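S.K.: Next come the chains, spelled out residue by residue.
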Amino acid sequence: MGSPGSERAPSAGDAASCPYCERRLETPFCCVSCEQLFRPEREPTPFEAFGLPLNYGVDCAELERRLLRYSRLVHPDFFVTASEDQRLIAEENTAALNGAFEILSDHARRSDWLITALGGPSAGDEKQLPQEFLMEVLEWGEGIEQARGAPAGSEARTALEPLAATLEKRRKESYRELNASLVPPPELGDERLTQARRLLNAIRYLDRTLEGLEALRLEQTSSH
Amino acid sequence: MGYIELDVLNNADPSVVMGIDLGTTNSLAATWRDGRPIVIRPEGGSGSIPSVIRFPPDGKPVVGRKAREQAIADPAHTIFSIKRFMGRGLEDVRDDLVGFPFPVTETADGLLQIDVHGRSVTPQELSSMILMRVHDIACRTQGGEQIPRAVITVPAYFDDAQRQATRDAARLAGIEVMRIINEPTAASLAYGLDRTAEGGRIVVYDLGGGTLDVSILSLEEGVFRVLATTGDTRLGGDDIDRALVGLITESLADKLGEEELADPGLQQAARLAAERCKIELSTHPEAEIAFIVPHENIHFRRRVTRDEFEDLIGELVERTLDACRRALSDAGLAAEEIDEVVLVGGSTRIPMVRARVEAFFGRLPHTELNPDEVVALGAAVQAHVLAGGSRDMLLLDVIPLSLGVETMGGAVSKVILRNSTIPCQATEGFTTYTDGQTGIDFNVVQGERELAADCRSLGKFNLKGIPPMPAGMARVMVRFHVDADGLLRVTAREESTGQSADIEIHPKHGLSDADVDRMLEESLEFARQDYEAGLAANLGTELGTMLRACERNLEVAREQLDPESLAELEEAMAAARSAKDKTILAEVQAARDALEQASMPLAAALMDDVAKAALSGKKLDEV
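As given, the protein sequences belong to chains A and B, one line each in that order. At position 144 of the first sequence (counting the first as 1) the number is 144 in our numbering, and the numbers step up by one without a gap. At position 227 of the second sequence (counting the first as 1) the number is 227 in our numbering, and the numbers step up by one without a gap.
Careful, some of the hints might be misleading.
Said to hold, decoys possible - Heads up, simulated BS3-like pairs for lysine-lysine below, C-alpha to C-alpha not over 27 Å straight-line: (1) Lys172/A x Lys464/B; (2) Lys464/B x Lys414/B; (3) Lys60/B x Lys414/B; (4) Lys127/A x Lys172/A; (5) Lys127/A x Lys169/A; (6) Lys127/A x Lys582/B.
Unchecked claim - Some residues of chain A that are not near chain B, with every Cβ distance over 12 Å (derived): (7) Phe78; (8) Thr166; (9) Val183.
Don't read these hints as lab results, they were simulated from the structure. The structure displayed is predicted, hence computed values, not measured ones. All C-beta atoms in this analysis are idealised placements derived from N, C-alpha and C, irrespective of residue type, glycine included.
Using the sequences provided together with the hints, build the complete structure.
M.R.: See below:
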């Protein structure tokens, strides 16, 4: 093509440029400058989809801004009267974009994706929790079991009240540890990946328990 | 894919669009005109069409207002609230069958069949009759041109099977569905909050005839993004009516036996009276339930005060607030963080409902638009956007319930979580459980529960042709794709061999494409029969005229016919006499053709007579 922009050989990890207006492409789905729609050659990773560096930390406000910006360009609602091919690309791109958003916007899902992508063990391969966690888990489970079905205001219920706060605190701590084991990104085979997976298992457990507590709380509010 | 191409776009203006609210109680169409959505109203009418179908013992089904009016006199042949049956199985609709006028069965595939005077119809077909009526009236009101494309609304909490059923109903009605959108989201569009509000968080509380939806949206620079949606597809005005009917049956219990109480005529009459009373209680401190069932000799009257009514429905209203709590929790928001509250659905006219919602969110709700019309108006707004009329606004909706696959041991592995923005896709890896396993059965489920048995099964499929290998070695990637209508497509692929299965999830409680094609063909067949009956009637008239001419002329020209021709003619005339009132086109046609043929010699003889008379006394060269 001969133009200055395209002569530069794109190195690995370097974003491609738009074949129409030659601006750097933020996302493989469309060009935010000339609004052209593209069908990506291969399925982009969630980070590539949003033009973000492969990193544990993600700025959620920026992620949302990008979602809205790209959606305004690729959403199938704007292609109902376009050619069938364009309609299909719009639908596929938006689905991929939303799928990527679901992974990146959620701490646990993003970590899960990262650990696997960096060559770490999957949730099926590594099911253990960090050692110090096991005793606490049993204790919490017991408390919730007792409170389930117990009347509002009963001792079993009131005993649960501080639990949510404890769990939230443990969750924050676990995320801090997870952050430490994923930043900077560990090499393949690094013990930190197994450590990260175990922490994530713990976080998943905490999330489920918190959900259970939330369900109990809703149940309690509505019985008032 | 057996779609029937509808060649209806040819002469229609593509910018003319329609939004249709296919409601449990009433249905309504709206369009976009002069920069705003308007309800399509026939002259002197409200535009609202009762979602009611009456099947008189003989003759054609009646849809809409007439059906509803006649229902009071003939409740035993009238179907209400068919929306509750959409995409459901027999077990799901048990409660709705009390007082239902026709026998309901289920096919082996779990498809509901309603036996209407010996003919089996599905809820999809019944809904299509309502859609056809709404669409037809709307097109005629708009000047008669066909408006083939429409946006159709469904409750946000409708699952995949219910959405599929709605789409199929529209296809059966010959409507091209531009998009299926969620009712509460549509309502938020109708209020044009993108123009009046700076942005912020909106709650839509939609309590309709049969369903409750609570959706929380964020609005930012014209983008409406749904953060969370929750609801109950079996909670609505019908249940409020049912609570009042309970009051009636309680009072009648000492006079009537169980069987008499379950009489469809009595149940429907009581239901209609309960509904009238409920509506009156929204504006009066007390109202009367009154109805007559002649064949049971019942003259029922009972006064109900608003306090009594509120005691009766208090728990039900509280359940709707539980849904609000769940929606807030899913969106990660507190009630105080909500900026706007929008009320939708006829049941939000009930003062108690209004008061409780207002108190719950601490905000005066929007009620400026008619709660019965706001959904159709919003559908018209979205139809306008889809037709290319505006790029200023964008709607990002979500899937209401998680989608997943049943794993070994009956647990659910969720692939797409509830409240994910649609369209959406996700891939999940699965593997084999035994050595040498060459196939995997997948059960696709929708719901939030941990066990597949507690979720709704959307369909099952089998991936075959996996090469034998040790357990856990196969890598099967299952890809879920939810389209912009909220409908799911699943594909599976074994990575090492590339063996793939593109799954038409056979919809449980739904129609297959083949079913839809067959029904469309049948309806075309009915249309053809109608058309042919019309032709046969015309031909019959013509045949009668021919027959009378033959009779008249035969008197004059009998002598001139040879015996063979005379016998043939008399035979054809006899056949014509018996065929002329038939409705089967082919028979009338055959009789007419035979008579024409057999009357040729008679016509020739008459021509000869005429010619002779004309030429008598003239020389050949004078002719």
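S.K.: Now tell me if each hint is right for this structure.
M.R.: Here's how the hints hold up against the structure:
At most 27 Å may separate the alpha-carbon atoms for a hinted pair to count; Lys172/A and Lys464/B exceed this at roughly 45 Å. As the CA atoms of Lys464/B and Lys414/B are separated by approximately 22 Å, the hinted pair is consistent with the 27 Å bound. For the proposed pair Lys60/B and Lys414/B, the alpha carbon gap of about 47 Å is over 27 Å, so the pair is violated. For the given pair, Lys127/A sits about 21 Å from Lys172/A by alpha-carbon distance, which is consistent with the 27 Å threshold.
With a C-alpha separation of about 23 Å, the suggested pair Lys127/A and Lys169/A falls inside the 27 Å cut-off, and the hint holds. Taking the CA atoms of Lys127/A and Lys582/B, the gap is near 78 Å; set against the 27 Å cutoff, the hint is violated. The non-interface label for Phe78/A is inconsistent with chain B: the shortest C-beta to C-beta separation is roughly 6 Å, within 12 Å. The Cβ of Thr166/A sits about 19 Å from the closest Cβ of chain B, beyond the 12 Å cut-off, so the non-interface label holds.
With 12 Å as the threshold on Cβ separation, the claim that Val183/A sits away from chain B holds: the shortest Cβ distance comes to roughly 25 Å.
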